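Participant: Please work from the sequences and hints to get the whole structure.
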Amino acid sequence: MGPNLFVNYYEATAMILFGIGFTTMLLHPNLIKKIIGLNIMDTAIYLFLAAKGYIHGKLAPIIVNGDLAMETYINPIPSSLVLTGIVVSVSVTAISLSLVQKLYRKYNTLDIDEIMFKAGQEEEE
Amino acid sequence: MPFIANFPFFCILITMFGGILTSMVNGKWAFRINTVIITATLVLNGTLLMFLIKDPQYFTFMMGHYPAPWGNEIRFGPLEALMGTVFSFVTLCSLISGKDEVFHDVKPRNLHYFYIMINLLLSSLFALIYTNDLFTAYVFVEINTICACAIVMAKENGKTLAATLRYLIMSLLGSGLFLLSIVLTYDITGQLLMVPAHEAFQRIFATGEYQIPLTIILGLVCVAMAIKSALFPFHTWLSHAHGSATTASSAILSGLVLKGYIIMLIKIIVRVVGLEVVVQLKAVNILFVMAVLAMIIGSLDAIKENHIKRMIAFSSVAQMGYIYMGIGLGNMAGLIVACFHIIVHAITKPMLFSSAGGLASASGHKKDFASLKGAAYRNPIAAAAFLIGSLSMIGIPFFAGFGAKYYLSMAAIGMGAKMWVVLFALAVSTVLNAIYYIRVISIIFSKTEGEVVERHKNAPSYTFAMTVFIIVNVLLGLFYQPVMDVITVGMGLL
Numbered sequence: 001m002g003p004n005l006f007v008n009y010y011e012a013t014a015m016i017l018f019g020i021g022f023t024t025m026l027l028h029p030n031l032i033k034k035i036i037g038l039n040i041m042d043t044a045i046y047l048f049l050a051a052k053g054y055i056h057g058k059l060a061p062i063i064v065n066g067d068l069a070m071e072t073y074i075n076p077i078p079s080s081l082v083l084t085g086i087v088v089s090v091s092v093t094a095i096s097l098s099l100v101q102k103l104y105r106k107y108n109t110l111d112i113d114e115i116m117f118k119a120g121q122e123e124e125e
Numbered sequence: 001m002p003f004i005a006n007f008p009f010f011c012i013l014i015t016m017f018g019g020i021l022t023s024m025v026n027g028k029w030a031f032r033i034n035t036v037i038i039t040a041t042l043v044l045n046g047t048l049l050m051f052l053i054k055d056p057q058y059f060t061f062m063m064g065h066y067p068a069p070w071g072n073e074i075r076f077g078p079l080e081a082l083m084g085t086v087f088s089f090v091t092l093c094s095l096i097s098g099k100d101e102v103f104h105d106v107k108p109r110n111l112h113y114f115y116i117m118i119n120l121l122l123s124s125l126f127a128l129i130y131t132n133d134l135f136t137a138y139v140f141v142e143i144n145t146i147c148a149c150a151i152v153m154a155k156e157n158g159k160t161l162a163a164t165l166r167y168l169i170m171s172l173l174g175s176g177l178f179l180l181s182i183v184l185t186y187d188i189t190g191q192l193l194m195v196p197a198h199e200a201f202q203r204i205f206a207t208g209e210y211q212i213p214l215t216i217i218l219g220l221v222c223v224a225m226a227i228k229s230a231l232f233p234f235h236t237w238l239s240h241a242h243g244s245a246t247t248a249s250s251a252i253l254s255g256l257v258l259k260g261y262i263i264m265l266i267k268i269i270v271r272v273v274g275l276e277v278v279v280q281l282k283a284v285n286i287l288f289v290m291a292v293l294a295m296i297i298g299s300l301d302a303i304k305e306n307h308i309k310r311m312i313a314f315s316s317v318a319q320m321g322y323i324y325m326g327i328g329l330g331n332m333a334g335l336i337v338a339c340f341h342i343i344v345h346a347i348t349k350p351m352l353f354s355s356a357g358g359l360a361s362a363s364g365h366k367k368d369f370a371s372l373k374g375a376a377y378r379n380p381i382a383a384a385a386f387l388i389g390s391l392s393m394i395g396i397p398f399f400a401g402f403g404a405k406y407y408l409s410m411a412a413i414g415m416g417a418k419m420w421v422v423l424f425a426l427a428v429s430t431v432l433n434a435i436y437y438i439r440v441i442s443i444i445f446s447k448t449e450g451e452v453v454e455r456h457k458n459a460p461s462y463t464f465a466m467t468v469f470i471i472v473n474v475l476l477g478l479f480y481q482p483v484m485d486v487i488t489v490g491m492g493l494l
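Protein sequence lines, in the order shown, are assigned to chains A and B.
Residues in the first sequence are numbered consecutively from 1, following the working numbering.
Residues in the second sequence are numbered consecutively from 1, following the working numbering.
The reader is advised that the hints may include incorrect statements.
[Stated by the list, open to error] Below, simulated PhoX-like cross-link-like pairs (lysine-lysine); rule was C-alpha separation at most 20 Å, straight line:
#	chain 1	residue 1	chain 2	residue 2
1	B	K373	B	K447
2	B	K107	A	K102
3	A	K118	B	K159
4	B	K107	A	K106
5	A	K102	B	K159
6	A	K102	A	K33
[Claimed, not checked] Covered stretches of chain B (in silico footprint by chain A; criterion: 3 or more residues with CB under 8 Å from a CB of chain A, positions within the stretch not fixed):
#	region
7	133 to 145
8	334 to 341
9	379 to 386
[What the hints assert, rightly or not] Over the 10 Å line for every Cβ pair with chain B, so calculated as not near, a few chain A residues:
#	residue
10	I20
11	I55
12	G57
13	A60
14	E71
15	N108
These aren't lab readings, by the way, just hints derived from the structure by calculation.
Treat the numbers as computed from the prediction; the structure is a model and nothing was measured.
Glycine is no exception: its CB is placed at the ideal position from the N, C-alpha and C atoms.
Facilitator: Structure follows, in structure tokens:
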């Protein structure tokens with residue numbers, strides 16, 4: 001396991017970043033930092049995918065000079081997955097930020113515990 | 001390939017298209033367009049189901065005509081068609097019965113947004129049911145999350161916003177784990193389509209290599225889906241989100257959104273990894289333990305509640321426990337029961353939420369037990385629906401919930417120690433269910449001395465939707481054998 005960790009250092013870094021993002025999102029009381037955690041978590045997965053799709057010494061998957069041999073290029077599927085993933089992550093970030101904005105206008109704080117406390121005090125309609 | 005094989009794709013497409021269409025009109029027209037579109041999906045899914053019951057087979061619908069490992073596929077058989085039909089039906093009835101409350105709770109200028117979200121939500125649920133591609137599943141899981149959060153926060157008061165925040169954070173954590181598991185699957189198999197990935201998994205498992213990555217993938221999928229479908233101990237967000245949203249949202253969230261993820265999990269267990277591998281890696285045992293705890297703790301939480309919608313939401317936690325217990329048994333019979341209970345719960349719980357909404361409307365939109373006293377006399381049809389739904393959830397014979405419990409104990413026979421745990425948990429949870437449901441029934445049916453009963457005027461659409469709900473529930477309770485047969489055939493082909 002030890003040597004593999006150094007050979008696959010991209011993947012190892014990606015997993016560490018995923019852990020950082022995940023714990024930030026789960027445990028940090030500040031909502032903006034939670035959303036930053038979400039983005040770190042997603043980006044870590046894109047790093048992992050990009051690292052997995054890359055083949056050493058091969059070219060980017062764009063056909064030049066009519067060379068159609070598969071061996072010339074890296075695997076294009078992970079790159080396209082990353083692109084799709086980025087779109088998804090942008091949309092969830094957008095909805096999270098708009099929700100946080102609404103909550104901030106209402107309660108004047110970004111601290112999740114305070115928001116939960118204040119919301120709990122409200123009368124049920 | 002017959003023309004009927006295009007129907008699942010049409011369902012996904014027309015609901016998405018409906019989202020675009022409803023964005024251009026006002027709330028009233030949005031509701032009408034929505035009703036037409038969902039009825040159309042019900043007809044399409046129903047026709048497909050009839051066709052597949054007559055001639056059970058699996059269709060693989062290649063999108064864009066690219067084969068694996070590049071292309072994207074829809075794959076469906078009797079089980080998927082049945083789920084699609086149930087999902088369309090439940091959405092339709094929940095929306096029709098919850099219409100007045102939606103118009104009361106959501107600001108008029110935002111009404112059409114609510115219906116856009118419902119359309120996209122249904123579209124993503126269909127996609128989760130029908131897709132054969134793991135990454136597509138991830139994308140639609142995220143669409144589902146966004147729409148589900150949007151319909152929770154549609155009410156826009158402090159409580160629902162806070163509940164949405166909780167829900168959103170937990171959901172996104174779950175999606176992150178799901179994405180990681182898909183990426184790892186792609187990493188070791190090189191496939192994203194389910195059937196080729198299954199072949200690759202079989203080869204890898206046979207060589208005995210990659211045991212740790214396989215276990216991690218399975219663990220991640222299970223935890224991700226458990227978070228998203230509110231299995232104990234990840235259920236904390238559910239009671240707030242489902243309890244405070246508008247009635248139609250609660251009904252759809254509880255009845256369908258949670259189930260979409262479980263269907264995905266079942267598909268991953270059976271179609272991608274393979275049941276034997278899952279059992280050998282012991283992942284199901286963890287689900288089993290969490291399911292037993294969910295059944296008991298969900299019910300205990302429900303007993304403590306004095307808010308009718310939050311109580312029904314906690315009851316959902318317990319019912320999720322039943323479904324996961326079926327999966328946790330780790331045999332085919334268990335998975336079939338899980339699918340059956342998905343249908344039972346999908347039909348019963350939205351009816352309970354809608355009837356709770358009706359009872360609350362008759363009591364000045366208040367949902368605590370003190371205000372609901374005698375509500376049955378003010379709104380008899382809602383009370384009748386509540387009564388039938390409760391009896392079904394408790395598991396009284398001749399109601400649908402009984403069938404699920406019966407088949408669950410049958411599936412557990414011969415499973416060694418698990419059998420005793422299942423039987424014990426079923427017994428305890430039945431008693432606990434009875435305690436909190438019967439308490440509510442006795443509250444709504446008790447008259448205050450000398451009070452003049454003022455009949456609440458229900459909208460005709462509400463009465464109609466509740467009547468349909470009641471009829472379908474009673475029919476499912478009396479004739480569950482044909483449904484079980486369809487599931488068994490579908491599961492065999494999955």
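Participant: Does each hint hold? Answer for all of them.
Facilitator: Status of the hints after comparison with the structure:
1. B:K373 x B:K447: holds, 7 Å
2. B:K107 x A:K102: Status holds; Cα separation ~15 Å.
3. A:K118 x B:K159: The hint holds at about 9 Å.
4. B:K107 x A:K106: holds, 17 Å
5. A:K102 x B:K159: holds, 12 Å
6. A:K102 x A:K33: Given pair A:K102, A:K33 holds - Cα atoms ~16 Å apart, limit 20 Å.
7. 133 to 145: Since 5 is at least three, the answer is holds.
8. 334 to 341: Violated - the region 334 to 341 of chain B has 0 residues with a Cβ nearer than 8 Å to chain A, which falls short of three.
9. 379 to 386: It is violated: at least three residues are needed, and the region 379 to 386 of chain B offers just 0 whose Cβ sits closer than 8 Å to chain A.
10. I20: holds, 12 Å
11. I55: About 13 Å separates A:I55 from the closest Cβ of chain B, which puts it past 10 Å; holds.
12. G57: holds, 20 Å
13. A60: holds, 18 Å
14. E71: Answer for A:E71: holds, closest chain B Cβ roughly 16 Å.
15. N108: A:N108 clear of chain B: closest Cβ-Cβ about 12 Å, beyond 10 Å.
When the structure is compared with the earlier hints, violations turn up for hints 8 and 9 and for no others.
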